[in-house]
Amino acid sequence: MRPEYDFKNMKGGVRGKHYKAYRAGHTVKIHKTNGTTTVQHFTLEEGAVLLEPDVREYFPDSETVNQTLRALISLLPKKHATKARP
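For the sequence shown, counting from 1, position 29 maps to 54 in the numbering used here; every step adds exactly one.
Honestly, the hints are just simulated from the structure, not real lab data.
Idealized CB from N, CA, C, for every residue including glycine.
Check the hints yourself; a few may be wrong.
[Unchecked claim] Distance windows between CB atoms, simulated:
{"hint": "1", "residue 1": "A49", "residue 2": "S87", "range": "18 to 24 Å"}
{"hint": "2", "residue 1": "Y83", "residue 2": "K104", "range": "23 to 29 Å"}
{"hint": "3", "residue 1": "K33", "residue 2": "V74", "range": "41 to 47 Å"}
Model the full assembly from the supplied sequences, consistent with the hints where possible.
What follows is the structure, given as structure tokens:
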């Protein structure tokens, strides 16, 4: 982020204010100079996960999350393949 976007001394801001709405998806209206409006709806991509703020303190990036989950997976009992009953 550019230095001119320093929000450290900003008072009254609420971190995560739009968090729940973003998770649910959001709509953006783009008003063009020719007078038309384009509406786009955004949702999380398949497989995307949003971390809660307290969890994000410990897992700052995808690599850290994936390493930890792989370590946990290795501790889980192996699943046995089940055959479909006729």
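Right, here's what the structure says about each hint:
1. Between A49 and S87 the beta carbons are some 22 Å apart, a value that agrees with the proposed interval 18 to 24 Å.
2. Separation of Y83 from K104 is about 28 Å and conforms to the stated range, judged on CB atoms against 23 to 29 Å.
3. Judged by the Cβ atoms, the range 41 to 47 Å given for K33 and V74 is violated: they are separated by roughly 28 Å.
Taken one by one, the earlier hints fail for this structure only at number 3.
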